[in-house]
Amino acid sequence: MFDKYMIVEDGFRNVSENGRAIGFQLNTRLPYYRGLGVSMVEDVSVTVDGQTFPREATTIVLRGRPMSLEAMETDYRERWEFGEVGTVLVRKEGGLAPGVHQVDLTDRLRISYLPFPLLGHDSKQLVLK
Amino acid sequence: MFDKYMIVEDGFRNVSENGRAIGFQLNTRLPYYRGLGVSMVEDVSVTVDGQTFPREATTIVLRGRPMSLEAMETDYRERWEFGEVGTVLVRKEGGLAPGVHQVDLTDRLRISYLPFPLLGHDSKQLVLK
Amino acid sequence: MATQHHIKRGVSLYSLQEEYFLRKLDLEGCIATCARLGALGIESIGEQMMPGFPKLPDAFYARWHQWMAHYGTVPTCHDMFLDTKRYKDRLLTDDEMIESIKADLRHAARLGCKVMRVLVSVKPEMVERCIPYAEECNVKMGLEIHSPFHFDHPWIMRYTEMIERTRTRHVGYIPDMGIYVKRFPRVMRDHALRHGATEKIIDFVCQAYEERVLPDYVIFDVGLMGGSEADRRFAESLRHIIWSNPRRMLEFMPHIYHVHAKFYDMVDETREYSIPYEEIIPVLIEGGYDGYLSSEYEGNRWIQDAYPVDSIEQVRRQHVMFEHLLATR
Amino acid sequence: MATQHHIKRGVSLYSLQEEYFLRKLDLEGCIATCARLGALGIESIGEQMMPGFPKLPDAFYARWHQWMAHYGTVPTCHDMFLDTKRYKDRLLTDDEMIESIKADLRHAARLGCKVMRVLVSVKPEMVERCIPYAEECNVKMGLEIHSPFHFDHPWIMRYTEMIERTRTRHVGYIPDMGIYVKRFPRVMRDHALRHGATEKIIDFVCQAYEERVLPDYVIFDVGLMGGSEADRRFAESLRHIIWSNPRRMLEFMPHIYHVHAKFYDMVDETREYSIPYEEIIPVLIEGGYDGYLSSEYEGNRWIQDAYPVDSIEQVRRQHVMFEHLLATR
Ligand SMILES: [Mn+2]
Ligand SMILES: [Mn+2]
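Protein sequence lines correspond, in order, to chains A, B, C and D. Number 24 in the numbering used here belongs to position 24 of the first sequence; there are no gaps in the numbering. In the numbering used here, each residue carries its 1-based index in the second sequence increased by 1000. In the numbering used here, each residue carries its 1-based index in the third sequence increased by 2000. In the numbering used here, each residue carries its 1-based index in the fourth sequence increased by 3000.
There is no bait here: all hints are sound.
Pair by pair, the computed Cβ-Cβ distance ranges are:
| hint | chain 1 | residue 1 | chain 2 | residue 2 | range |
| --- | --- | --- | --- | --- | --- |
| 1 | D | Thr3003 | C | Ala2002 | 38 to 48 Å |
| 2 | C | Pro2282 | A | Leu114 | 33 to 43 Å |
| 3 | D | Tyr3217 | A | Leu114 | 20 to 30 Å |
| 4 | B | Glu1056 | A | Arg108 | 50 to 60 Å |
Hints in this document: simulated from the structure, not taken from any laboratory. Even for Gly, the Cβ is constructed at its ideal location relative to N, Cα and C.
Input sequences plus hints: build the corresponding full structure.
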């Protein structure tokens, strides 16, 4: 229901370690109308220019604290608050080339009162500087 | 709902014309709980030993009156009454061989208060003498 | 035991469809059977047991009235249908529908029925247009409130609005007790098991029914459980089987002309497996209902693949139960 | 114009979710907005606008009460959720559910709410077990009657039976006016058109909705019409949108604690496109309802893809309408 706001326009950039790009990151919000314990965030999947990155390559950062998607599954304390901007960090040797990229983001949330998972999807053209 | 009674055990036989078998016939009832105008009998499809006969080869006989399935579609007077035994006549050069046959019958009825067609199906082993 | 009331017992010949279909009983035999069970109100379906309907000769009606006199039975209700899809390429026009309904009213009057069952799918506008003719025929048109509809369903509300607006005394209701399925019918459950459904999933669905879970959720969960096609069909059946509150009849009682005493499975002479008549009949008595309880046996289609059908015994048991529940102290 | 009554106006902050989500308003800003509109009853969702919920520091509650005093607002209701699927591999146990509900009751009490919204999917047994704690907290638990449920739905009947059996004064109802969608919402129709649905089919579905046709039939017919996936989804939405009779609230009025004044589309200051408040409010007045009409704007999700959302303007219009409908002669 807040799908169009999932990808935040600002903050798309490569991430470097020791001067070498080891991946990229972008800022994102959940598409749901309340905050959720992160154990109920089943998946956050990033696709850039048609290439979908593996779940293992993805890290979520909330308030400076990084978590793998797998670790989130059994974390019953941390919450991703309503409208809160978090960061998705994707490991990719060399990062992305500068310029325009088509970015797709798909979230799968486990909402207790729904029998099916809530899927959210956003797609935006972002410029990586 | 009366599917198991669609194929009547008695009356399965070849039909001859001038001493040559030109087809076969079997007795049948509609699988529905009331009589129907024949315009609402959309199809009566006969399969013997896995071979389904064409719609054009099929004739329905009610109270001695033969009708093609196509003619039934626009006949707004004749009714196939509840539980009434009619005859399906299938044109087939030479008729069927004597002995046991697996006979399948599928009816499609247009029931006004149902959005979908009512399908009835019966399958019996019959002996042709 | 019940307090004073004027509820009468009857049978819709629909109940004996298996025997009629197989020509074990003819129309007279059906009537005689009801009489023998002390169920003297006879509801009939022209298109089921009166070949030639709606064009029946005078002789037929003469014979009908002779049977009524002979067996001491009373015509209660004629069940109409409306073949809106008679033509392959178009629906009936409004005028054609009216003509069809009028033919049914005429037939009901000639049978001596005070009530005609209107199929739930008939548009209220059509029934409204027939009111003058129903008055002329002295036949009341009772909309059958059939599962999954119920008194508070918006489709039924359209009828209620029409009845209130026109202040007619010739349109009302025939609740079909299939709207009070409190427990999932055992015969449907067993039928599904015989036709490819999985016991674990069947149990899950029946349990969810008892808990009154929204059918959408149950159907989705059965999908997740990896059910078979038969399992999914069984779960889908939840959309058409309902429990609602029998006390809702009280508000509509002045407009209830007749009652379809639907049943699937008389376990013995004291109870139906899924429909709690012991809760329903006291409400009818409390509301001052004075029409017929008209048996409507619909178990045959769920057992005929595996067991012999004995509709007469089923109806007999229901009427023993009715006698007990209707007995005044 | 209305007769004498004690109905009050309020807002569920749910209505301002778009602005809060985008950080155009913070919690205090939301409260200030309601106060400015003269809608002084504040309903809140801890998990939406109170980061850290359910573990909020004393300072938070102190600030909350300062805001209430400052803006002249009153806490009305806390909306609880129950994350039965918190764990990937199992549902919460009954005891865990009770603990979760208790935390919500505690929070509601600390906010100063007299009422807590219970999600419609919560099992009545769980709520029953929480009654003693609700009494202790002096908070009434109101089951939200949310579409496609309605007062006469068998799931809701389970609550009614429990309330009658226990004679509790701490479990009742919060009807969500989304159960009174008389006309298919224009915003949903237009949203479907923007997302691949076909005008001809959309019109067919909306027409069928007005005629109160059984959703199953409409869905099937749309299949026959060769509709697209978007068309089928649109037809399926009929399963979740309902019209029921507002007068049914009268029977349950003693147990109605609060009202969710759901809306999708205030056309102007006089009417909501699909929910007839001019029919609903007179029933509340007739029944002696004396709680809040708590705005619940849910139009944003249907227009945000194409239009700017202005929830504040939408709520403002609704309250002008309420003032008019509540004005006593
Ligand atoms: Mn019936
Ligand atoms: Mn609500």
